[in-house]
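Quick note: the sequence shown, position 125, residue 136 per our numbering, numbers continuous.
Where hints are given, some of them may not hold.
What the hints assert, rightly or not - Ranges of calculated distance between the beta carbons of each label pair, as one might list FRET restraints:
id : residue 1 : residue 2 : range
1  : Thr101    : Asn27     : 13 to 21 Å
2  : Ser100    : Arg14     : 31 to 39 Å
3  : Arg38     : Leu68     : 16 to 24 Å
Read the hints as simulated data drawn from the structure, not as lab findings.
Model, not experiment: these values are computed from the prediction.
Think of the CB as a built atom: it goes at the ideal place given N, C-alpha and C, for glycine as much as any other residue.
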Amino acid sequence: MTRTGIEAALNDLLFNHDITLAEAADRHFTPDYRQRTDGQWADRIEFLDHIAHLRTLVADGEVEVHDELYDGDKYADRHTCHITKKDGSTVTMEVYVFADLAPDGRFDRIEETTLMLKGSDADRNIGSAR
12 MTRTGIEAAL
22 NDLLFNHDIT
32 LAEAADRHFT
42 PDYRQRTDGQ
52 WADRIEFLDH
62 IAHLRTLVAD
72 GEVEVHDELY
82 DGDKYADRHT
92 CHITKKDGST
102 VTMEVYVFAD
112 LAPDGRFDRI
122 EETTLMLKGS
132 DADRNIGSAR
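Generate coordinates for the entire structure from the input sequences, incorporating the hints supplied.
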């Protein structure tokens, strides 16, 4: 089993323009994927709608993983997203993730909390995967 991780998933979703959003999603997330970010639940369709919107705003960025743990079908990490938007402004968010992996290694569920380090109130959702 090849397991995904948040760095690979976010790089494909937000920064890899050589693949479609559908390809990126299928590579890293199950069809029944769901996510809770800062208390708000989203199903896979809502999640992908949000990522599609982010793709219109984000020019470039980097995911810096500080801590990452795999334990069977459980995954946890702490990472920082450094985002440059198409308007030239920047956003930095620290994110804490707890997740379940499907038997094929893709994310089945993520619960995360985010901490804005740099950016405006309007940027609060840009560094998260919701």
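Taking the hints in turn, this is what the structure says about them:
1. Thr101 with Asn27: 13 to 21 Å: Check passed, 20 Å falls within 13 to 21 Å.
2. Ser100 with Arg14: 31 to 39 Å: 34 Å, holds
3. Arg38 with Leu68: 16 to 24 Å: Taking Cβ atoms as reference, Arg38 and Leu68 lie about 22 Å apart, which means the hint holds.
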